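Enquirer: Here's the letter readout for the chains.
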Amino acid sequence: MPFLFLAFFLLFGSSVNARELISPIPQTVEYSVNKALLGKSLFNDTQLSKDNTVSCATCHHLKEGGDDGLKFSFGIMGQEGNINSPTVLNSTFNFVQFWDGRAKSLEDQALQPIENPVEMGYNFPDLIVRLKKTTYNKEFSQIYEDGITKRNIANAIAEYEKTLITPNAPFDRYLNGDADAIDADTKEGYKLFKNKGCIACHQGQNIGGNMYSTFGVIKSSKSENIGRFNVTKREKDRFSFKVPTLRNIEHTAPYFHDGRTSSLYEAVEIMAMVQLGRDISKDEIDKIVLFLRSLSAPIMLD
Amino acid sequence: MLLKKLDFTYTILTILFSISIVIIFYFYKMNQKITTYENYALQLEKLKVLDKEFDNFLLQKYTYNNYDSIASFIQEFDDTLNKLKTLNMHSDFSTEFETTVEDITQLYQKKSLQIEDYKAINSASINSLSYLFDLKSNIVKTKNIRAENKKVIENLTFEVMQLCLDVPLNNRALNLRINALQSEHKYIEFYVLHFKKFLTYNQEFHDNKQLLNNIKLYALISSAKNKLDTIYHTQMRENQYITILFFIGSLLMLLILIYTHYHSRKSSQILHLYASVFKDTQEGILITDAESSILFANRSLEILTGYTTKQMIGERPNIFQSHSYSPHYYAQMWEEIKKTGKWQGRIKNKKQDGTLYPVWLTISSITNDENQIVNYFATQTDIREIVQSQEKIEHIAYHDSLTGLDNRISFEEKFKQSLKISHRNQQKMALLFIDLDRFKDINDTLGHHIGDKLLLEVAQRLTAVLRETDLLARIGGDEFVIVLEDIAHKSNAAQISEKIIVALKEPFHIDQHELSTSASIGISFYPDDTDDFDDLLKFADSAMYKAKESGKDTFAFYDAKLYEKITHNLRLEHALKNALENNELYLNFQPQYALKDRAIISAEALVRWNTQEFGMVPPDVFIPLAENSGLIIEIGYFVFEASCQFLSKLRAQGHSIKYIAINLSSNQFKDTKLLKTFASILARYDLQASDIEIEITERYIMQDNDKNLLILQELQNQGYSISIDDFGTGYSSMSYLKTFPIDMIKIDKSFIDNLPTDLNDVAITKAILALSKSLGYDNVAEGIETIEQEQFLAQQGCKYGQGYHFSKPLNENDFINFIDNDTRKLI
Numbered sequence: 001m002p003f004l005f006l007a008f009f010l011l012f013g014s015s016v017n018a019r020e021l022i023s024p025i026p027q028t029v030e031y032s033v034n035k036a037l038l039g040k041s042l043f044n045d046t047q048l049s050k051d052n053t054v055s056c057a058t059c060h061h062l063k064e065g066g067d068d069g070l071k072f073s074f075g076i077m078g079q080e081g082n083i084n085s086p087t088v089l090n091s092t093f094n095f096v097q098f099w100d101g102r103a104k105s106l107e108d109q110a111l112q113p114i115e116n117p118v119e120m121g122y123n124f125p126d127l128i129v130r131l132k133k134t135t136y137n138k139e140f141s142q143i144y145e146d147g148i149t150k151r152n153i154a155n156a157i158a159e160y161e162k163t164l165i166t167p168n169a170p171f172d173r174y175l176n177g178d179a180d181a182i183d184a185d186t187k188e189g190y191k192l193f194k195n196k197g198c199i200a201c202h203q204g205q206n207i208g209g210n211m212y213s214t215f216g217v218i219k220s221s222k223s224e225n226i227g228r229f230n231v232t233k234r235e236k237d238r239f240s241f242k243v244p245t246l247r248n249i250e251h252t253a254p255y256f257h258d259g260r261t262s263s264l265y266e267a268v269e270i271m272a273m274v275q276l277g278r279d280i281s282k283d284e285i286d287k288i289v290l291f292l293r294s295l296s297a298p299i300m301l302d
Numbered sequence: 001m002l003l004k005k006l007d008f009t010y011t012i013l014t015i016l017f018s019i020s021i022v023i024i025f026y027f028y029k030m031n032q033k034i035t036t037y038e039n040y041a042l043q044l045e046k047l048k049v050l051d052k053e054f055d056n057f058l059l060q061k062y063t064y065n066n067y068d069s070i071a072s073f074i075q076e077f078d079d080t081l082n083k084l085k086t087l088n089m090h091s092d093f094s095t096e097f098e099t100t101v102e103d104i105t106q107l108y109q110k111k112s113l114q115i116e117d118y119k120a121i122n123s124a125s126i127n128s129l130s131y132l133f134d135l136k137s138n139i140v141k142t143k144n145i146r147a148e149n150k151k152v153i154e155n156l157t158f159e160v161m162q163l164c165l166d167v168p169l170n171n172r173a174l175n176l177r178i179n180a181l182q183s184e185h186k187y188i189e190f191y192v193l194h195f196k197k198f199l200t201y202n203q204e205f206h207d208n209k210q211l212l213n214n215i216k217l218y219a220l221i222s223s224a225k226n227k228l229d230t231i232y233h234t235q236m237r238e239n240q241y242i243t244i245l246f247f248i249g250s251l252l253m254l255l256i257l258i259y260t261h262y263h264s265r266k267s268s269q270i271l272h273l274y275a276s277v278f279k280d281t282q283e284g285i286l287i288t289d290a291e292s293s294i295l296f297a298n299r300s301l302e303i304l305t306g307y308t309t310k311q312m313i314g315e316r317p318n319i320f321q322s323h324s325y326s327p328h329y330y331a332q333m334w335e336e337i338k339k340t341g342k343w344q345g346r347i348k349n350k351k352q353d354g355t356l357y358p359v360w361l362t363i364s365s366i367t368n369d370e371n372q373i374v375n376y377f378a379t380q381t382d383i384r385e386i387v388q389s390q391e392k393i394e395h396i397a398y399h400d401s402l403t404g405l406d407n408r409i410s411f412e413e414k415f416k417q418s419l420k421i422s423h424r425n426q427q428k429m430a431l432l433f434i435d436l437d438r439f440k441d442i443n444d445t446l447g448h449h450i451g452d453k454l455l456l457e458v459a460q461r462l463t464a465v466l467r468e469t470d471l472l473a474r475i476g477g478d479e480f481v482i483v484l485e486d487i488a489h490k491s492n493a494a495q496i497s498e499k500i501i502v503a504l505k506e507p508f509h510i511d512q513h514e515l516s517t518s519a520s521i522g523i524s525f526y527p528d529d530t531d532d533f534d535d536l537l538k539f540a541d542s543a544m545y546k547a548k549e550s551g552k553d554t555f556a557f558y559d560a561k562l563y564e565k566i567t568h569n570l571r572l573e574h575a576l577k578n579a580l581e582n583n584e585l586y587l588n589f590q591p592q593y594a595l596k597d598r599a600i601i602s603a604e605a606l607v608r609w610n611t612q613e614f615g616m617v618p619p620d621v622f623i624p625l626a627e628n629s630g631l632i633i634e635i636g637y638f639v640f641e642a643s644c645q646f647l648s649k650l651r652a653q654g655h656s657i658k659y660i661a662i663n664l665s666s667n668q669f670k671d672t673k674l675l676k677t678f679a680s681i682l683a684r685y686d687l688q689a690s691d692i693e694i695e696i697t698e699r700y701i702m703q704d705n706d707k708n709l710l711i712l713q714e715l716q717n718q719g720y721s722i723s724i725d726d727f728g729t730g731y732s733s734m735s736y737l738k739t740f741p742i743d744m745i746k747i748d749k750s751f752i753d754n755l756p757t758d759l760n761d762v763a764i765t766k767a768i769l770a771l772s773k774s775l776g777y778d779n780v781a782e783g784i785e786t787i788e789q790e791q792f793l794a795q796q797g798c799k800y801g802q803g804y805h806f807s808k809p810l811n812e813n814d815f816i817n818f819i820d821n822d823t824r825k826l827i
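These protein sequence lines map, in sequence, to chains U and X.
Using the working numbering, you'd call the opening residue of the first sequence number 1 and step up by one each time.
Using the working numbering, you'd call the opening residue of the second sequence number 1 and step up by one each time.
By construction, these hints were calculated from the structure, which means they are not laboratory data.
Keep in mind that a hint or two might mislead.
[To be verified] Here are the simulated DSSO-like cross-link-like pairs (lysine-lysine), alpha carbons at most 27 Å apart as the crow flies:
no.: 1; chain 1: U; residue 1: LYS104; chain 2: X; residue 2: LYS83
no.: 2; chain 1: U; residue 1: LYS150; chain 2: U; residue 2: LYS162
no.: 3; chain 1: X; residue 1: LYS110; chain 2: U; residue 2: LYS233
[What the hints assert, rightly or not] Chain X is faced by these chain U residues, among others (derived, beta-carbon under 7 Å):
no.: 4; residue: PHE95
no.: 5; residue: LEU127
no.: 6; residue: GLY197
no.: 7; residue: ALA200
no.: 8; residue: CYS201
no.: 9; residue: GLN203
no.: 10; residue: GLY204
no.: 11; residue: GLN205
no.: 12; residue: ASN210
no.: 13; residue: MET211
no.: 14; residue: SER213
no.: 15; residue: VAL217
no.: 16; residue: MET273
no.: 17; residue: GLY277
Just so it is clear, the structure is predicted and the values come from calculations on it, not from any experiment.
Beta carbons: idealized from backbone N, C-alpha and C, even for Gly.
Using the sequences and the hints, build the whole thing.
Expert: Below, the structure written as structure tokens:
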């Protein structure tokens, strides 16, 4: 019988050690410098919000993990949102944007906060009129034939966001062959990350960000947000969310779409319980946290 | 007309240009269409490949997986689909295709949802699956778990494995079994939890698969591709047809253009030609309008009339009227023009200076399509010169240009006239036909100009001899005829002939040459010989030949018998020409035998002619005729071939004849193909040259011609025997004989006839035999008619003989009978 099981594992390749399911992110991505520079200005410009108080950067602090460190973000006029803002870092490697994946691309994503009444609360016709009165008019014209348009605004911001990648995290260096980039405990953490089944969802170059999963596969997560159901209206998508990237996870607390904890330890504990339904020890969690910390790196360029 | 043609050309050119533009446009369009099509086709192919990738991915259940690649495939599919949509499908291809792409999008969205579900199920299930195996290991290792439970766990784990391998199991039964497990340990609790989860995932996989099975995305993309292909190919074909149509159109236009260009060039050339002919022609040309007012006159008319064109234009043609004709004459002229559209005739016109000139005037009316007269067209041909030259021509026609004497035509006219007069007056006339002897030699050796001068002198001398009334004419090269009218006696003609002969015998001094000639004169009489002009001339001609035959330099009267003979020979010759065709010629064979034992050695082939018209014609009559006419060549081949045929027939019947002797005429040697033809005939009958003996006459040998000698030598070399015929009758110099390639000498019948009584012949025969013996030749004596002759010859050592004594010439059948009946005679 044991031989049979062995044969079975070989057949399905289920052995988590069989191959690396995580790959390092590239050193660079292709992007247009001019567009990205324009996008950077827009990203940091509060003119994009109706009352000139909120910019993209308001909720996405690039130096602090690409999010705002708040449970929920605040929009114009002090309005509080209902979802934890995800990091903008490495978002270009996500297969969809937003927790519920309602934007297929960075462009699609960039448009939504501007018109979201609790975020920037503006509309594009007015925004375009506003921007045309500024130096943006010239800058856009130099890059885009049709000057300032909704599409071009989104395009420029998306182009900037593409540059917000964080290569050379210690774990990436380890994957690239630098055996000493992470210590033994971290390595142990990685092993646990695989053996405990975390890697079933958090895989790929972004260690997440390439699939949806129900939040609460084994045990109810008691989420208030119904997640992807909003997009697909399928019952099975109730509480389904995009599996987030774990890169820079150390800096993107609080965790989960509802920011239910600011402790990474707790976050791992929650995951083991509601997602994996596994028995896990304190030591194991500590080691996994060590591993998670090895996924952080500064932005490639600033 | 020309303008019209030019317009036409421009129209064609414009059409051609437009067609070319359209063709270029179509080619451009087609090219674009190809690019667009290729782009679409490429996108669709990409979609197909990607869908295959999806399906591949969907086979990897229960595995830890990196979803980056499937995510990138999805991304690519999205991008490709978007690209397809942003292209201008509607205008490039039909809306039908556009709808299909919309269908693909919708189906794809369904499929991508299933893929996302699949990912989620897979991730959750692999977690449970791997944990179940971990748990099983832990449970087995844990001491305070009952073995019974361990056993159940092991079995259940095995079932899990089977589920993974799609082995259909009863879920309810499994649930019952898992529920029956007592949770004595947290491991078992986890196991139960994950086992149940696993069963759910397995079911979800199953449902997912069911749904996916109904999403036939690949088939839809393929059908879209097919639809695209169909639309594209249809459109391309249409475009091709249109392009080809336009191409053919342009080709047609081009051909028309070339044709019209060629045509108009030709007609403009013709017009140009007409104009120059019109201007430069020798004839005076005049064109008037319908009211006879002059519109145009050419240069020749100016010269002819003395008026300038300027003076003539606007005038009426009556300015040329000479008043030699009555007004009635002109009225009639116009009447005729009105009636027939034309008048022509000789008329005298008046020049500007009042002098008259004769012209040939032609007036034609020119009508339009409605048959109304719009112009008159007149040509005036100056006939002053014609009138003058007419007289000259008459002289040339009737006179010999060299001597100025009457020529044959004039002679005929005048002589016929004389015949009438003589007939009326019952007078005799003599016709002298004079031919200069040796004139041809003079002409050939000294040249025509000397010959011509001689003829001129002769003409002068003849004129001097004759009375003025006598008609003298030259009717051929050196043939003169003289008509002596009203002669009392034939002797008058003889006297004149004598005078002529004497006159022409005197040497002529021409240039530095002193030339002697003489005349042969033939004379016929009217009405004594005939009263027909042609016969008189023929008779005189034949008489002239008689004079020539009797030694030239003399005259002869017409002799009816002689004439008969000549004409008979002519008729024979004519009949001989058809003899071969009519199978009138055949061969007789006369046996040649050995005198000592009368054994038949060979046969001499003798040609015979039996004509329908003349009966049997003897060889001594028709052979010379054949030789003179050249027919001997053909007849010779006939003889050769018939002889060969006969010999091979004899041989086939078992008769051994050594050879056939065939007579060859010297004329046959002039035929360059002789040897070749003989060889081919021999080959046809499977015979050798040695089967044939060639008999040639002594005269031929004696012509002492190198060429003849060569041919003879060649014949002997090839194996033919050579025999000398009629030996002794010629002027042979015996000594020559040894230099010739000879095998046999035939002793002529004339020496045999009087043997053995005539001592002369005896001596000659003996001499020939002795000579032959000394030179190593055999002999045949021909014409042996008596036993005495035969015995004498045999005694004298003559080897062979032939003649009536032994056998006359026999036809083929008789010859065969002859040998058959007398076997003794065979060797």
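Enquirer: Would you check whether VAL217(U) satisfies its interface hint, that is, whether its CB is within less than 7 Å of any CB in chain X?
Expert: Cβ of VAL217(U) sits 5 Å from chain X, so the hint holds.
Enquirer: Would the hint on ASN210(U) be counted as holding, given a Cβ-Cβ threshold of 7 Å to chain X?
Expert: Check passed: Cβ of ASN210(U) comes within 4 Å of chain X, closer than 7 Å.
Enquirer: Identify whether the interface hint at GLN203(U) stands, where standing means a beta carbon of chain X within less than 7 Å of its own.
Expert: 5 Å, holds
Enquirer: Can you confirm whether the C-alpha distance between LYS110(X) and LYS233(U) stays at or below 27 Å?
Expert: Satisfied, since the Cα-Cα distance of roughly 13 Å is no more than 27 Å.
Enquirer: So, CYS201(U) near chain X? Judge it on the closest CB pair being under 7 Å.
Expert: 5 Å, holds
Enquirer: With 7 Å as the cut and Cβ atoms as the points, is MET273(U) at the interface with chain X?
Expert: 12 Å, violated
Enquirer: If you take the shortest Cβ to Cβ gap from GLN205(U) to chain X, is it below 7 Å?
Expert: 6 Å, holds
Enquirer: Have a go at the GLY197(U) hint: is there a Cβ in chain X nearer than 7 Å to its own Cβ?
Expert: With Cβ-Cβ at 4 Å, under 7 Å, it holds.
Enquirer: Restraint: LEU127(U) near chain X, CB-CB cut 7 Å. Satisfied or not?
Expert: 25 Å, violated
Enquirer: Would the hint on ALA200(U) stand, with a C-beta cut-off of 7 Å toward chain X?
Expert: 4 Å, holds
Enquirer: Under the criterion of a CB-CB separation shorter than 7 Å, is GLY277(U) in contact with chain X as hinted?
Expert: Holds - the Cβ of GLY277(U) comes within 7 Å of chain X, reaching about 6 Å at its closest.
Enquirer: Verify the proposed pairing of LYS150(U) with LYS162(U), using a straight-line Cα cut of 27 Å.
Expert: 18 Å, holds
Checked against the numbered hints given earlier, the structure breaks hints 5 and 16 and satisfies all the rest.
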